[in-house]
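A.B. asks: For reference, the chains in residue letters:
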Amino acid sequence: MHEMSLCESVLQILEDNGRRRGFEKVNVVWLEIGRLSGVEIEAMRFSFDAVTRGTLADHARLEIIQVPGEAWCMPCGKTVTVEQRFDACPLCGSYQLQVTGGEEMRIKELEVN
Amino acid sequence: MCTVCGCGEGETKLEDHGHSHDHEHHHSRDQGGDSKQTGQNLHDYGRGPAHAHAPGLSQARMVQIEEDILGRNNQYAAANRRWFQERDVLTLNLLSGPGSGKTTLLTRTITDLEGQLKISVVEGDQQTTHDAERIRETGVKALQINTGKGCHLDAHMVGHALDTLQPENGSVLFIENVGNLVCPAAFDLGEAYKVAILSTTEGEDKPIKYPDMFHAADLILLNKIDLLPYLNFDVEKCIEYARRVNPGIKVLQVSALTGEGMETWYQWAKTTRQLASIG
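Sequence lines, in order, name chains A and B.
Using the numbering used here, the letters of the first sequence correspond one by one to residues 785 to 897.
Using the numbering used here, the letters of the second sequence correspond one by one to residues 15 to 293.
Be a bit skeptical, because a hint or two may be false.
Stated by the list, open to error - With beta-carbon atoms standing in for the labels, derived distance ranges:
# : chain 1 : residue 1 : chain 2 : residue 2 : range
1 : B       : A92       : A       : T839      : 36 to 44 Å
2 : B       : E147      : A       : P874      : 46 to 54 Å
3 : A       : G861      : B       : T215      : 37 to 45 Å
4 : B       : G85       : A       : R845      : 21 to 29 Å
5 : A       : Q850      : B       : G85       : 14 to 22 Å
6 : A       : A827      : B       : T215      : 43 to 51 Å
7 : B       : E182      : A       : T884      : 20 to 28 Å
8 : B       : M76       : A       : T884      : 25 to 33 Å
These aren't lab readings, by the way, just hints derived from the structure by calculation.
Where a beta carbon is used, it is the ideal one built from N, C-alpha and C, also for glycine.
Looking at chain A on its own, in the form it has when it is part of the complex (with noise of 0.2 Å):
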């Protein structure tokens, strides 16, 4: 369940930027996560409403954007899409693959009031 703790990393962020910015209430957070993140999403949901009751960012939207994971295959010499970190590359089944993208745990953007 570190999912609790990378939503409470996540109201710290969205508390930092309201001190900065201005703003005193979050209607949605967009995260933008990968598939080899080892991120669980419903657990992501679950925890994020957990940990923002009663903040400001209470009753918030989370909207998830999903990053497909993505790996060069050596053998082959091309980008290929991986649902898993050790998946076969699905052109030639080698497993020679180097991870390069979906890997993100990122906050993209937000409204706010």
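Please build the complex by placing chain B on the supplied structure of chain A, with the hints as guidance.
C.D. replies: Using the frame of chain A, we list chain B on its own:
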């Protein structure tokens, strides 16, 4: 509550740590990183669409953040890393599931390397100081962090532990993370290397069941190899699985109980310690 960083909320507890630290360590980084926002919102009006601030009109607006969720942890980790570099401390983050024999491996390592390496230990567990006590019995400095509800150590907790523990210059600091094959993988503590410990009683497919952990690791110690004759554990298969998630990973086969293979691990630790001194 600690007024510099706001820590001390929640259930994290540092052994022997009454929170009276004077923050000589690295909190200054809190101030970094937001310079790009300076100058915005100097005026506190007209922030809504079309700069409307009439009654009844929505003041909702969009704010671009583009911040890494783990950004703060990574800042603390970078500060820890600087701290280690300044004092020439080699830090190894030990990761494994519960019951893989981490603490036994560590106590044997400390005993066997006595006089060869200066060692201190940070122990992470949800509750109890049992592990730190076991380590202290070997005669080295150890500090327990109890994470309470937390399932992993983070860089901030480790930063505080350093203030109290004060590892010696030129030493090796082992951080025994909370027994968990999932969460600790995501949290950089500022260590030089992550060492994953996997035991033969756990099943050879652990590396692909918990790929994030084995992907993040720099070295795998396959422990309890003395039990191989009694188990259906396929060592070759296990190494193959590990290399699927982490093609370059080294796997050392050891038994912390009988001492078999431990010499290779000691060589790795001593060589890595020497390399760290070179710069």
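A.B. asks: It remains to establish, for every hint, whether it holds in the given structure.
C.D. replies: Verification of the hints:
1. B:A92 - A:T839: 36 to 44 Å: Given a distance of about 27 Å, which is not inside 36 to 44 Å, the answer is violated.
2. B:E147 - A:P874: 46 to 54 Å: holds, 51 Å
3. A:G861 - B:T215: 37 to 45 Å: holds, 41 Å
4. B:G85 - A:R845: 21 to 29 Å: holds, 23 Å
5. A:Q850 - B:G85: 14 to 22 Å: holds, 20 Å
6. A:A827 - B:T215: 43 to 51 Å: violated, 28 Å
7. B:E182 - A:T884: 20 to 28 Å: Violated, since E182 of chain B and T884 of chain A (Cβ atoms, about 41 Å apart) do not stay within the stated range.
8. B:M76 - A:T884: 25 to 33 Å: Holds, at about 29 Å.
Consistency with the previously given hints fails for numbers 1, 6, 7, ordered from lowest to highest.
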